[in-house]
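Q: What follows is each chain in one-letter form.
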Amino acid sequence: MRRYFGRKLLIYGLTFFAAVTINWLIPRLMPGDPVASMVSRANLTQPEAVAAMQAYYTGLFGLDLPAWQQYLNFWGALLRGDLGISIWLFPTPVADVITRAVPYTLGLLVPAILLSWWAGNRFGAFAARRRLLDNTVLPVGYILTATPYMWLAILLAWGLGIVAGIFPVAGGYSYAMRPNLSWEFAGSLALHWFLPFLSLFLVAFGGWAIGMRNMIIYELEADYSSYLAALGAPRRLIRRYAFRNAVLPQITGLALQLGVLVAGALVTEVVFSYPGLGSLILKAIQNQDFFLLQGIFLFIVTGVLIANFVIDIVYVLVDPRTRAGMGAEA
Amino acid sequence: MRNRWRVLTPLLATCLVVTACTSGQPPAPAVQSSAPGAAASQAPAQGGTGAFPRNETLYTGGTQWGAPANFNPIRNWDHATGTNGLVYEPLFLFDPNTGTFTPWLAESGAWADDTTYELKLRQGVTWSDGKPLTAADVVFTFELGKMKTVPYANLWTFLKSAEAVDAQTVRFSFSKPNYQQWANALYSRVIVPKHVWESRSEEDVVNGVNDKPVGTGPYTYHSHDQDRVAWVKRDGWWATKALNKDVKPKYIVDIVNSSNEVAMGLLLQNGLDLSNNFLPGIANLVNGSFGVKTYYPEPPYMLSANTAWLVLNTEKKPMDDPAFRKAVAGAVDTKKIVEGVYGNLVRPANPTGLLPQWDKYVDQNVVSELGFTFDQAKAKKMLADAGYKDTDGDGFVENKDGSKIQLKIEVPAGWSDWMESIRVIAESAKAVGVNLTPEFPDYNALVDKRSSGKFDMMINNERQLSNTPWMYYDYLFQLPIQKAQNTVNFGRYENKKAWELVQELDGKKPEDEAGMKEVLSRIQRIQLEEMPAIPLWYNGLWSQTTSSVWTNWPSSAPDAPKSAPTMWRNWLELGGILTLTEIQPAKG
Numbered sequence: 001m002r003r004y005f006g007r008k009l010l011i012y013g014l015t016f017f018a019a020v021t022i023n024w025l026i027p028r029l030m031p032g033d034p035v036a037s038m039v040s041r042a043n044l045t046q047p048e049a050v051a052a053m054q055a056y057y058t059g060l061f062g063l064d065l066p067a068w069q070q071y072l073n074f075w076g077a078l079l080r081g082d083l084g085i086s087i088w089l090f091p092t093p094v095a096d097v098i099t100r101a102v103p104y105t106l107g108l109l110v111p112a113i114l115l116s117w118w119a120g121n122r123f124g125a126f127a128a129r130r131r132l133l134d135n136t137v138l139p140v141g142y143i144l145t146a147t148p149y150m151w152l153a154i155l156l157a158w159g160l161g162i163v164a165g166i167f168p169v170a171g172g173y174s175y176a177m178r179p180n181l182s183w184e185f186a187g188s189l190a191l192h193w194f195l196p197f198l199s200l201f202l203v204a205f206g207g208w209a210i211g212m213r214n215m216i217i218y219e220l221e222a223d224y225s226s227y228l229a230a231l232g233a234p235r236r237l238i239r240r241y242a243f244r245n246a247v248l249p250q251i252t253g254l255a256l257q258l259g260v261l262v263a264g265a266l267v268t269e270v271v272f273s274y275p276g277l278g279s280l281i282l283k284a285i286q287n288q289d290f291f292l293l294q295g296i297f298l299f300i301v302t303g304v305l306i307a308n309f310v311i312d313i314v315y316v317l318v319d320p321r322t323r324a325g326m327g328a329e330a
Numbered sequence: 001m002r003n004r005w006r007v008l009t010p011l012l013a014t015c016l017v018v019t020a021c022t023s024g025q026p027p028a029p030a031v032q033s034s035a036p037g038a039a040a041s042q043a044p045a046q047g048g049t050g051a052f053p054r055n056e057t058l059y060t061g062g063t064q065w066g067a068p069a070n071f072n073p074i075r076n077w078d079h080a081t082g083t084n085g086l087v088y089e090p091l092f093l094f095d096p097n098t099g100t101f102t103p104w105l106a107e108s109g110a111w112a113d114d115t116t117y118e119l120k121l122r123q124g125v126t127w128s129d130g131k132p133l134t135a136a137d138v139v140f141t142f143e144l145g146k147m148k149t150v151p152y153a154n155l156w157t158f159l160k161s162a163e164a165v166d167a168q169t170v171r172f173s174f175s176k177p178n179y180q181q182w183a184n185a186l187y188s189r190v191i192v193p194k195h196v197w198e199s200r201s202e203e204d205v206v207n208g209v210n211d212k213p214v215g216t217g218p219y220t221y222h223s224h225d226q227d228r229v230a231w232v233k234r235d236g237w238w239a240t241k242a243l244n245k246d247v248k249p250k251y252i253v254d255i256v257n258s259s260n261e262v263a264m265g266l267l268l269q270n271g272l273d274l275s276n277n278f279l280p281g282i283a284n285l286v287n288g289s290f291g292v293k294t295y296y297p298e299p300p301y302m303l304s305a306n307t308a309w310l311v312l313n314t315e316k317k318p319m320d321d322p323a324f325r326k327a328v329a330g331a332v333d334t335k336k337i338v339e340g341v342y343g344n345l346v347r348p349a350n351p352t353g354l355l356p357q358w359d360k361y362v363d364q365n366v367v368s369e370l371g372f373t374f375d376q377a378k379a380k381k382m383l384a385d386a387g388y389k390d391t392d393g394d395g396f397v398e399n400k401d402g403s404k405i406q407l408k409i410e411v412p413a414g415w416s417d418w419m420e421s422i423r424v425i426a427e428s429a430k431a432v433g434v435n436l437t438p439e440f441p442d443y444n445a446l447v448d449k450r451s452s453g454k455f456d457m458m459i460n461n462e463r464q465l466s467n468t469p470w471m472y473y474d475y476l477f478q479l480p481i482q483k484a485q486n487t488v489n490f491g492r493y494e495n496k497k498a499w500e501l502v503q504e505l506d507g508k509k510p511e512d513e514a515g516m517k518e519v520l521s522r523i524q525r526i527q528l529e530e531m532p533a534i535p536l537w538y539n540g541l542w543s544q545t546t547s548s549v550w551t552n553w554p555s556s557a558p559d560a561p562k563s564a565p566t567m568w569r570n571w572l573e574l575g576g577i578l579t580l581t582e583i584q585p586a587k588g
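Protein chains in written order, with my numbering: chain A, 1 to 330; chain B, 1 to 588.
Excised from the complex, chain A in its bound form (with noise of 0.2 Å):
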């Protein structure tokens, strides 16, 4: 056991170190100067004003220092929790930034797997081998998963946010509330949320419910199941056995998921104008934040990495033959 989890910790451990320092290349490889399209934003008519400007953010930002010195100070203050300062938010600490999108991306990624994954994985069981739901519901599965996210959440946003005005189109929460605990801003953040929720929800959902389907009729044929049903073994108990076998590679299916999923979330978000970490993304690469983008990438590295690390333990829970590896090793 302890060997198992000690080496998949450092192999998390190393493709952290890889991840974050590949999220440090590349926006530095990108064209162009950050602190050169900040300052010719500020619209200065004198060229001694913009030297004096740019000197001083390039080194605010210690972009003047060369890339490895640059590499080391970033690690420093990556320990110390420091993130750095938003250059595109300027003066806004990276870390501030972020801090206030996570919950609307969290609230919004976290249901979404975790619901479509349940909700795909049992209804794809039930609708394996009766005919009629295999026929009619599963071909609306094969068209959701081919939908791309961003098509998905136009439609809704239009369809029930702008024609038939039920839904709002933009935001976190009404523009006309400010935070605070009482179960209308609770409405006003739920209705927000629905939209967003449902069209990530509704793609992975197919996804799922396919997968689960082919997989319950690949069980149901195997040669366990024949012996069971000729044992005499009532359909009830077969399709459990069916069931706990087809759901393992759904499991490791949700760890290669997650990735995707953030990549949805990020298109949703931009759709919805959804304030999460999404929507940050996209205007962190628009407008060469090297800090925020980093920032945002830490932040998806580490949490695919939790993720996939709680779905290992889920994967010796729910998996004997895991275990039985594990002892035989230990």
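These are computed hints drawn from the structure, not numbers from a lab.
Positions of the beta carbon are idealized from the N, C-alpha and C atoms, including for glycine.
Any given hint might turn out to be false.
To be verified - Computed list of chain B residues with no C-beta within reach of chain A, every gap over 12 Å:
1) 54
2) 75
3) 97
4) 114
5) 196
6) 271
7) 283
8) 288
9) 359
10) 392
11) 393
12) 438
13) 514
14) 525
15) 581
Unchecked claim - Chain A regions said to be covered by chain B (calculated; three or more residues, Cβ under 8 Å):
16) 89-95
17) 224-233
18) 256-263
19) 292-306
To be verified - According to the in silico footprint, chain B covers these stretches of chain A (three or more CB under 8 Å from chain B):
20) 135-145
21) 242-249
22) 272-280
Please arrange chain B on chain A, whose structure you already have, making use of the hints.
A: Chain B in isolation, oriented as in the chain A frame:
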């Protein structure tokens, strides 16, 4: 196995319950809050929850593209919408339509002699913390410019001193009176309170968040979040008594843009009263029954705000040849851009590029003698006459020395209207035999190329409408050429004579219209003969309004207000603030 599932079940169940109780809100109150404040208009007594009653709130958008990060009036390019104008105020307002200055914090101002300007402040103006505005505040504000990183530091290259003569009088002495620039500073610089700012370091002045802004204006800070900033009206704004003007909305909530599509959606849901976004196809909404209005009910729909120039890199061949530049000017099918790309939301530019508000400064004789018109046959002939011939038979002309001409025209990726426009321009160029291809680099990459002069052609609209065409000629002709040209003369055009004339123009008093025109005529002659950059079209002061909550928006209708309907930065002092005093609540 069952036991293990029990571990996960509560987790999922919790999620379910959470979603169930949040998404399962009774629809009625939820729908109300979806259209911002619809709930509030029915139940205005929500004060306890800090809501903004719909009928007292003005929702604006189109200025802010990122979370409000600072309220620092010195940072007039990225402070939260309304910091300058709603909270901090300038000495004068400038009305671009009539070309007149309106005393604002100042009561009057005049040149005592050629190098001394005397300013009288209004009596009874108070800061939002109750202290009176005095001459010391004005002196302090201008002296902040002695810090090199303050954006108006350049004033001190010709301003010698600013002193408070008494509590209401300030005297400015100049080493070289640049009257045009000074007039610009009088309305574009806002005054900050000395008693709040004097203890701040340069670092703090230039980079501070200034989260508790103390100003003289009609509004004070209320609250902000990453996608909005809210201002609340304050009691005792001086103009209510002095000018009998009052801002009508109790609250102003400015919504941060994420995209123009979202702005369009909010506008259609009546969630925005004033949108200053560029919304392609807005003409359809204006002509349809969507309740969306623009300044003009017909083309061009918008007031003009700035000129889009085709900037040519005059350090490169063949753009270093005026004959080539003039031929390109005649070849560009601007009409096709105006109609095809913009659907008539913009106007084609005058050959001088001066905005319609500056029409009186255009010397029509010079324009009719030297101005260009769209005529591709003539453009072709101009190229041939100047020695650009197709010697290798590939359908494109070559340089005079026989080398190939392969040029690129660039605009930032994602700027869809400009991207379409340069496709039209490239087609136009090809029609007269110039090999020009459109390219769409990343914005920051283009900024790099632009300042270092590593481009062939691009579109730029850096300079906005202001009190003086000097701004545009400074943009076209400023010398000397630096290693990095960050804000002006991107084409690196060098003409000492023209630059001298531009400086001479700066030395003309704004009221000396004849003197200005005389210099302008000489500048325009050089401009049209040399064509350092080609004016294309006038971008609009993008502005869409709805009337479900606020009416009497500025428009071209005879009895409507004529001030600028906008919250754009640096536009509140060009009349945006007056718009807020003109609008009326729709009901009651």
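Q: With reference to the structure, classify each hint as holding or not holding.
A: Taking the hints in turn, this is what the structure says about them:
1. 54: violated, 6 Å
2. 75: violated, 8 Å
3. 97: holds, 23 Å
4. 114: Non-interface label on residue 114 of chain B holds, nearest chain A Cβ at 23 Å vs cutoff 12 Å.
5. 196: holds, 18 Å
6. 271: Violated, because the least Cβ-Cβ distance between residue 271 of chain B and chain A comes to about 7 Å, which does not exceed 12 Å.
7. 283: holds, 19 Å
8. 288: With a cut-off of 12 Å, residue 288 of chain B remains clear of chain A, as the shortest Cβ separation is near 14 Å.
9. 359: At about 24 Å from chain A, residue 359 of chain B clears the 12 Å cut-off, so the statement holds.
10. 392: Per Cβ check, residue 392 of chain B is outside 12 Å of chain A; nearest 33 Å; holds.
11. 393: holds, 37 Å
12. 438: holds, 18 Å
13. 514: holds, 26 Å
14. 525: Consistent with the label, residue 525 of chain B stays out of reach of chain A, its closest Cβ about 25 Å off (over 12 Å).
15. 581: Residue 581 of chain B clear of chain A: closest Cβ-Cβ about 23 Å, beyond 12 Å.
16. 89-95: holds (count 4)
17. 224-233: Violated: only 0 residues of the region 224-233 of chain A have a Cβ under 8 Å from chain B.
18. 256-263: This one is violated; 0 residues, fewer than the three required, reach chain B with a Cβ under 8 Å.
19. 292-306: violated (count 0)
20. 135-145: Since 0 is below three, the answer is violated.
21. 242-249: Since three or more residues must qualify, the claim that chain B covers the region 242-249 of chain A is violated, with 1 doing so at under 8 Å.
22. 272-280: Held - the region 272-280 of chain A has 4 residues with a Cβ nearer than 8 Å to chain B, which meets the minimum of three.
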